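Q: Chain by chain, the residues run as shown.
Protein chains: 2
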Amino acid sequence: MPRAVDYEEIYRRFRSGAEFALARSISLIENHTAGYEDYLHRLYPTARGVPRVGITGPPGAGKSTLVGRLTKLLVEQNETIGVIAVDPTSPFTGGALLGDRIRMDDVGGLPGVFIRSMGTRGSLGGLSQATRDTALAMDAFGKDRVIIETVGVGQSELDIVGAADTTVVVLVPESGDGVQAMKAGLMEIADIFVVNKADRDGAERILREIRAILDLKPMAEGEWRIPVISTEARANKGVDKLLTAIEEHESYLKDSGVGKHRRRERAHGELKNLLERDIMELILSTAGIEESLETAVKSILSRNSTPYREAEKIIQHLNLHR
Amino acid sequence: MPRAVDYEEIYRRFRSGAEFALARSISLIENHTAGYEDYLHRLYPTARGVPRVGITGPPGAGKSTLVGRLTKLLVEQNETIGVIAVDPTSPFTGGALLGDRIRMDDVGGLPGVFIRSMGTRGSLGGLSQATRDTALAMDAFGKDRVIIETVGVGQSELDIVGAADTTVVVLVPESGDGVQAMKAGLMEIADIFVVNKADRDGAERILREIRAILDLKPMAEGEWRIPVISTEARANKGVDKLLTAIEEHESYLKDSGVGKHRRRERAHGELKNLLERDIMELILSTAGIEESLETAVKSILSRNSTPYREAEKIIQHLNLHR
Chain A
44 MPRAVDYEEI
54 YRRFRSGAEF
64 ALARSISLIE
74 NHTAGYEDYL
84 HRLYPTARGV
94 PRVGITGPPG
104 AGKSTLVGRL
114 TKLLVEQNET
124 IGVIAVDPTS
134 PFTGGALLGD
144 RIRMDDVGGL
154 PGVFIRSMGT
164 RGSLGGLSQA
174 TRDTALAMDA
184 FGKDRVIIET
194 VGVGQSELDI
204 VGAADTTVVV
214 LVPESGDGVQ
224 AMKAGLMEIA
234 DIFVVNKADR
244 DGAERILREI
254 RAILDLKPMA
264 EGEWRIPVIS
274 TEARANKGVD
284 KLLTAIEEHE
294 SYLKDSGVGK
304 HRRRERAHGE
314 LKNLLERDIM
324 ELILSTAGIE
334 ESLETAVKSI
344 LSRNSTPYRE
354 AEKIIQHLNL
364 HR
Chain B
44 MPRAVDYEEI
54 YRRFRSGAEF
64 ALARSISLIE
74 NHTAGYEDYL
84 HRLYPTARGV
94 PRVGITGPPG
104 AGKSTLVGRL
114 TKLLVEQNET
124 IGVIAVDPTS
134 PFTGGALLGD
144 RIRMDDVGGL
154 PGVFIRSMGT
164 RGSLGGLSQA
174 TRDTALAMDA
184 FGKDRVIIET
194 VGVGQSELDI
204 VGAADTTVVV
214 LVPESGDGVQ
224 AMKAGLMEIA
234 DIFVVNKADR
244 DGAERILREI
254 RAILDLKPMA
264 EGEWRIPVIS
274 TEARANKGVD
284 KLLTAIEEHE
294 SYLKDSGVGK
304 HRRRERAHGE
314 LKNLLERDIM
324 ELILSTAGIE
334 ESLETAVKSI
344 LSRNSTPYRE
354 AEKIIQHLNL
364 HR
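Top line first, the protein sequences correspond to chains A and B. Heads up: the first sequence is residues 44 to 365, going by our numbering. Heads up: the second sequence is residues 44 to 365, going by our numbering.
Any given hint might turn out to be false.
One copy or two, either will do: identical chains are not told apart, so a pair holds if it fits within one copy or between any two.
[Said to hold, decoys possible] The list that follows gives simulated cross-link-like pairs (lysine-lysine, DSS-like), each with its CA atoms no further than 30 Å apart:
id: 1; residue 1: LYS356; residue 2: LYS260
id: 2; residue 1: LYS284; residue 2: LYS356
id: 3; residue 1: LYS303; residue 2: LYS356
id: 4; residue 1: LYS260; residue 2: LYS115
id: 5; residue 1: LYS341; residue 2: LYS297
id: 6; residue 1: LYS280; residue 2: LYS315
id: 7; residue 1: LYS297; residue 2: LYS315
id: 8; residue 1: LYS356; residue 2: LYS315
id: 9; residue 1: LYS356; residue 2: LYS280
id: 10; residue 1: LYS303; residue 2: LYS341
id: 11; residue 1: LYS341; residue 2: LYS356
id: 12; residue 1: LYS284; residue 2: LYS315
id: 13; residue 1: LYS280; residue 2: LYS341
id: 14; residue 1: LYS280; residue 2: LYS260
id: 15; residue 1: LYS284; residue 2: LYS341
id: 16; residue 1: LYS297; residue 2: LYS284
id: 17; residue 1: LYS341; residue 2: LYS260
id: 18; residue 1: LYS115; residue 2: LYS341
id: 19; residue 1: LYS115; residue 2: LYS356
Simulated from the structure, these hints should not be mistaken for laboratory data. In this text, all values refer to a predicted model and were calculated from it rather than measured experimentally.
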């Protein structure tokens, strides 16, 4: 039997500001180690609701470099920062690949900066939930801001970014034309667009295209106007403009009440996801469920029945009373 | 009250091979129009389980052109083809953007080719389920093969591609370095890699990198060796090599039993998703659930409780008996 975790001791260290206790706390929560729910419950009241900035975009857009530059700038303003790097684990290396780690380490040495890499595996309850819990722990620890970096432009990345208050979408001249980029659902989530590697061929074109598409968007009075910022993260150009835009967006969220609304929606979504998960767990632990699923799969594969009908039958059989 | 759908008549036309009846059938199923489950049930037995090829990759990789070329080649071999183009709907235009449509139309005119565009909105039950149902309808209609094209490299796109037997991941020299591309989880889903636009700078490098990473993969006896194919879809170069690889993969699936295993897994996953959906629907229709959710959200936002605890409380309150 594994030794019981001494949550009391970890919490004491956490409160005293020891970063290894933050790291340990995140691991316990991420792995759903027995007792994590009570522990999380204990952390909740001390979270201040600090700003969460999500940075997303396709592979190779220079997000890590940008996050590094941005973090450095914030540290110079005496902010303490938690960085969550959501890095899909390679199936072959069993861990995040080397490239980003090295760049991240430059930043990790800065005072008040705590970096956490997360893989797509090993997060019970899903990556999106693990990201939210980690951000909460960083907030409760006392970080002034949480930056969440994700790679990719798909739905699950958008879900992860959904844990953020302000979402920055990073593209590069090589991202294809602006219209194509918009098709990947980026427009719906971006609060700020960045065209990084803006010294490269095609930067002007993609900047122009994104702006043209944004101009088509009908704007309500007082609505946030999505800025499009060009940066060269490696040369440290434009990062100050990005920070200004982020801070302006944070003011907007506060003044307009949109921020409050978003956090409400976020809590609602989170709750529903957990409900869904818990109920499925309950159902999959029902006696005889494996056999029912097996029988159903056989009927579907032999095309004697549809998945819809089989799902219905199983639910009827479960006889959930309300 | 809307007039009841005449499923009998639609089915008759469907069976007689009228493509507009296929289109109508897909719409009815996608919109979950009353009676769609029985209709789907009727289509199931006539599906032959024809090969489904998924083509995915980042925006701007030239997937549509490649699908077009591939389809043309298959038509020359006297195959009939169903193409599903999963095109996230732009929030501003309310429909798929023009670019791909035009290119697709060139293919749509070919004999025996039926193209269906799907947006991320308007598919009740989720895009992934709608894609599976559409593929099933095309199969039941008599198409010899279904090609599913999705944009993006995220989890939900991977779920959509999960409806395929053979998954082709398309990259371009501009996709960033091969290592970066691998990080987006592409390695886990690719049965075949394509580097399109192979005449461009950097093509050799990305080809080399992908091959080097694939070489690191421990291979079991008789396991499928993922080929890496370079194409120039626009110039119609390399498309024949791609088709050969697809056909080889299909033989592998059949001979090794892996195909059977995958279809089994697919049915299992589909069933679980539908179960989850149906149960959530049941729960969200419970009397008083909205109030419970509201109260829970308030506790979470005021940090008096965690989403985990609130989800648990709601489930206890629902008193699901087993």
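Q: Against this structure, judge whether each hint is valid.
A: Now for the hints, and whether the structure bears them out:
1. With identical chains, the CA atoms of LYS356 and LYS260 are never at most 30 Å apart, being 46 Å at best within one copy and 42 Å at best between copies.
2. Taking the shortest Cα distances, LYS284 and LYS356 never come within 30 Å of each other, neither inside one copy (57 Å) nor across copies (46 Å).
3. Taking the shortest Cα distances, LYS303 and LYS356 sit within 30 Å of each other only across copies (24 Å), while inside one copy they are farther apart (42 Å).
4. Taking the shortest alpha-carbon separations for LYS260 and LYS115, neither the intra-copy value of 34 Å nor the inter-copy value of 37 Å comes in at or below 30 Å.
5. In this homomeric assembly, LYS341 and LYS297 come within 30 Å of each other (Cα to Cα) only across copies, at 18 Å, whereas the closest approach inside a single copy is 54 Å.
6. Taking CA atoms no more than 30 Å apart as the test, LYS280 paired with LYS315 passes in neither setting, with 42 Å inside one copy and 49 Å between copies.
7. In the homo-oligomer, the alpha carbons of LYS297 and LYS315 lie at most 30 Å apart inside one protomer (25 Å), although the nearest pairing across protomers, at 41 Å, exceeds that limit.
8. Taking CA atoms no more than 30 Å apart as the test, LYS356 paired with LYS315 passes in both settings, with 24 Å inside one copy and 13 Å between copies.
9. For a Cα distance limit of 30 Å, the shortest separation of LYS356 from LYS280 qualifies neither inside one copy, at 60 Å, nor across copies, at 50 Å.
10. In this homomeric assembly, LYS303 and LYS341 come within 30 Å of each other (Cα to Cα) only across copies, at 12 Å, whereas the closest approach inside a single copy is 48 Å.
11. Taking the shortest alpha-carbon separations for LYS341 and LYS356, only the intra-copy value of 14 Å comes in at or below 30 Å, while the best inter-copy value is 36 Å.
12. Neither within a single protomer nor between protomers do LYS284 and LYS315 lie at most 30 Å apart by alpha-carbon distance, with minima of 37 Å and 47 Å respectively.
13. For the homomeric pair LYS280 and LYS341, neither the shortest alpha-carbon distance inside one copy (59 Å) nor that between copies (42 Å) is at most 30 Å.
14. In this assembly of identical chains, LYS280 and LYS260 lie within 30 Å of each other by CA distance solely inside one copy; the values are 29 Å within and 39 Å between copies.
15. For the homomeric pair LYS284 and LYS341, neither the shortest alpha-carbon distance inside one copy (59 Å) nor that between copies (36 Å) is at most 30 Å.
16. In this homomeric assembly, LYS297 and LYS284 come within 30 Å of each other (Cα to Cα) only inside a single copy, at 20 Å, whereas the closest approach across copies is 56 Å.
17. Taking the shortest Cα distances, LYS341 and LYS260 never come within 30 Å of each other, neither inside one copy (49 Å) nor across copies (33 Å).
18. Proximity of LYS115 to LYS341 under the C-alpha cut-off of 30 Å is found in neither arrangement, the shortest distances being 57 Å within a copy and 36 Å between copies.
19. Proximity of LYS115 to LYS356 under the C-alpha cut-off of 30 Å is found in neither arrangement, the shortest distances being 57 Å within a copy and 43 Å between copies.
In the structure shown, a violation is registered for the earlier hints numbered 1, 2, 4, 6, 9, 12, 13, 15, 17, 18, 19, in ascending order.
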